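*Asks:* Chains as they are written, first to last, in UniProt numbering: chain A, 1 to 350; chain B, 1 to 350; chain C, 1 to 350.
Any given hint could be a false lead.
Note: identical chains are not told apart, hence a pair may lie in one copy or across any two.
Said to hold, decoys possible - The calculated lysine-lysine pairs, modelled on DSS-like cross-linking and capped at a C-alpha distance of 27 Å, are: (1) Lys322 <-> Lys312; (2) Lys99 <-> Lys195; (3) Lys322 <-> Lys332; (4) Lys332 <-> Lys316; (5) Lys312 <-> Lys332.
No lab work stands behind these hints: they were computed from the structure.
Keep in mind it's a predicted model, so treat the numbers as computed, not measured.
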Amino acid sequence: MSAQFTLAELAECCGADLQGDGNCRIQGVETLDNAAEGQISFFNNPRYRRFLQDTRASAVILRPSDARDCPTNALLTDNPYLAWARVTRCFAPVLELGKGIHDAAEVDEEASIHPDAVVAAGAVIGAGSRIEANAYVGPNCVLGRDVLLGEGSRLLASVVLMDGVRIGRECLIHPGAVIGADGFGLASDQGRWEKVAQLGSVTLGDHVEVGANTTIDRGAIHDTVIHDGVKLDNQIQVAHNVEIGENTAIAACTGISGSTRIGAGCTLAGGVGVVGHIELADGVHVSGASVVSRSLREPGVYTGGILAMPHKIWQKNIARIKQLDSMARRLKELEKALSRLEAQPDDNEK
Amino acid sequence: MSAQFTLAELAECCGADLQGDGNCRIQGVETLDNAAEGQISFFNNPRYRRFLQDTRASAVILRPSDARDCPTNALLTDNPYLAWARVTRCFAPVLELGKGIHDAAEVDEEASIHPDAVVAAGAVIGAGSRIEANAYVGPNCVLGRDVLLGEGSRLLASVVLMDGVRIGRECLIHPGAVIGADGFGLASDQGRWEKVAQLGSVTLGDHVEVGANTTIDRGAIHDTVIHDGVKLDNQIQVAHNVEIGENTAIAACTGISGSTRIGAGCTLAGGVGVVGHIELADGVHVSGASVVSRSLREPGVYTGGILAMPHKIWQKNIARIKQLDSMARRLKELEKALSRLEAQPDDNEK
Amino acid sequence: MSAQFTLAELAECCGADLQGDGNCRIQGVETLDNAAEGQISFFNNPRYRRFLQDTRASAVILRPSDARDCPTNALLTDNPYLAWARVTRCFAPVLELGKGIHDAAEVDEEASIHPDAVVAAGAVIGAGSRIEANAYVGPNCVLGRDVLLGEGSRLLASVVLMDGVRIGRECLIHPGAVIGADGFGLASDQGRWEKVAQLGSVTLGDHVEVGANTTIDRGAIHDTVIHDGVKLDNQIQVAHNVEIGENTAIAACTGISGSTRIGAGCTLAGGVGVVGHIELADGVHVSGASVVSRSLREPGVYTGGILAMPHKIWQKNIARIKQLDSMARRLKELEKALSRLEAQPDDNEK
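For reference, chain A alone in the conformation it holds in the complex (with noise of 0.2 Å):
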């Protein structure tokens, strides 16, 4: 982090009212409580409330309306994450990615490579494929044939991208990501399985992002579709012929089954398992760990699971569950026999 800017110049990129020295230079970021002089801090959750009065930071993000609380040069925006979030890539290191096709990438003769497009060490690219303006093809990440990648992607490290995957512009692929193997499709033939060949492939909108050892499977007949915007955490596993709306968000460890179409601006948390086969409305938020196994065709929160507890209480009460069909039984048989009883004539009244 050697960049350096002044704090109007922060203010502009990041689209925030300067309050105070504009000139003040500001060589990195840092929490409210780790903040020294020449840094720049945000504050956002009224948890952290206790932080700002003391902070050491030579300006901090905030809203307007917490500014008579900042003891130093503020930028003021309604969005202060957002502005931290465009103030922090001001300071992140520029990529030396080199330049043009190594000498030990394997590129092959039927595959199309932009001159501006970069192909790191140990990467291998198949017959038919095209990398587009700027993209960047990490090291030893493999790319079978007929692959798109588009304008400005990136793949950082060991990506695969199997045959006929076409990855939009501006995507940002982590390493390990395997897009485009074969969906789980099988056939019983009286317990033996053969295989459903899996003739589809896998589309990537633009400005997609996918995490770390994230898998995205082909389609069985046309291709699983990531829409523009879509950003997938680590460990993510989707299934054939799933569908994900424009800017949904999923967090890490999350599995879709086969078919499921999720929609747009939804977020999924950690841990989720989304059945195949049914449908996520637009706005769907789900909590972590929680199970979907049919529609929600509104928008809203849905949680599900049973949180961990001390062994003790859980060991104890955990094996009610199975009696919790006959224990609403037995309630209600209680209430009808009670409301016989509190029915009788009382001998006092007579």
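Add chains B and C to chain A, keeping to what the hints say.
*Replies:* Chains B and C in isolation, oriented as in the chain A frame:
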């Protein structure tokens, strides 16, 4: 998909009875609702019956009992999905795997590669390993020492097989799979962990499929064993000394803990967890996201877990889980009290 | 396993007391029931006592209190599994890692490789990285810029370490692990996501083990930190800014969300999910497949989740979860009504 067949040829390939024009030319496969002339489709799930009558497919695979509802040529069979699987494979593009050992592969002098096997660019193969006829080691795969890759088996890309792993014939291993990494064996020395050497390896039978980024650990003393015909989806974890019986199929994101034995002909849906040192009988079927914590000795369907619901409903009800035991006890008390009350002689009847 | 030791040598290696023939030659390890002459076994779990008396092993590691039940030579120790761990390591094949930098590795001119380190075929190492003495970079590993791989640490195959990752001494990283990919940091701009630059990296202490296909993300501002002696199994996800304390062991398929701190000496079983921004105290033990959603400030065992049961039982009972709150309220009403009834003066006693 430039392949083309007559309907009579497809009938023979999939073992179905032809109804209609055997000379009809079929160029591809499609769903009932999307099919156009020259394409074949299938009808298996009654849910899609509405698409059958209006399909523009040139032929449909279906059951004899549905034949009269078919508006076009038909292939009749009692197992339409199996016939469909076979037809899709007719239209699968022929993989062009190259020939022999690529110049950019690193094969140890003491490895033995069959002249009809293919080793792609970037593959690394250790001493003592043997690659049999028609086997394929894809780009950037790594094989340790003394690995056996059986006849016709294929490692698609970036697969890792550690020392001593033995793969049978006609297996298909998808990208990023790691077979034969150390099992998680640790002994505690007053809080510090010491490693238990993992001296076994992994044996896969014939016709096994392993999904992308799936991991199968080597055994502690003996091998971890995956029997013939097992199909594993993506991102599955198989711990050391597990044994999986013939023709069992396991969906994505499932984890199987150490020394557990899964029978033959089982299915585990996605996201299942199975604890260690237990046995699942042949013919056990576990629903998605269930946790199996003890041996299941009878075939049948097993399920666990709580499905996602609107967050407010969840919030209101789930806290009660910790009161279940108390509720059950209070219910019993009420029943006793009520029967005491009911047993009281009724004054009226004296 | 061509190694061979006298029993006296093994006693010394594992710190146990010899009972019997110290000159007895041991060629391998086996389970009690499978052992033959020349092999050593161990007895730790009382469940396997029936195998002890009939074992054909030439020696058994066990507790002094079990010595009289041992039909053969014995190594006596209070921690048989620890002694076993040490003995297994005696029989582990010596890894032949090669020497120096392989011709087919790509090492940046500005990287520094210790003369006693080994870099295998297909490895790619970026500028500014330093590989210390006796460290090993296996086939097809990718190291970014400014990576540190400490003395004696080994990356087995296809491991990815992104820019600035620092690995301590004597660590073991299994194939497919990705350390230092971007954390999942996103800010919303009216529904579209903008990336928060991930400016920290990852620091691993000494003697850390990382399983196959496990991912550890780089921190947003500071490093994600894994302390000395931590053992991570396969397919674990560690999000940005997580901190894991010394000697904590975590089993496969567990996910830990961002900024969470796990104490020292903890164990998390397989398939656990831990939400972000919480703390687990030292000595917390979480059972398999549990979801931890709030800080656990006391050591102890914590459990959650519902275990699989026959589907029909599950079906009948699980729907009642949504009625739990209503059931609890009705139960309370019944108790009140009943106590009103019981409080009524009994006519007989007038």
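*Asks:* Now tell me if each hint is right for this structure.
*Replies:* These are the hints, each one checked on the structure:
1. Taking identical chains as interchangeable, the C-alpha atoms of Lys322 and Lys312 lie at most 27 Å apart whether they share a chain (18 Å) or sit on different chains (11 Å).
2. Proximity of Lys99 and Lys195 under a CA criterion of 27 Å is satisfied inter-copy only: 25 Å between copies versus 42 Å inside one chain copy.
3. Within a single copy, Lys322 and Lys332 get their C-alpha atoms as close as 17 Å, and across copies as close as 16 Å, so both meet the 27 Å cut-off.
4. In this assembly of identical chains, Lys332 and Lys316 lie within 27 Å of each other by CA distance both inside one copy and across copies; the values are 24 Å within and 16 Å between.
5. Only between protomers do Lys312 and Lys332 lie at most 27 Å apart by alpha-carbon distance; the minimum there is 22 Å, versus 30 Å within a single protomer.
When held up to the earlier numbered hints, the structure conflicts with none and fits them all.
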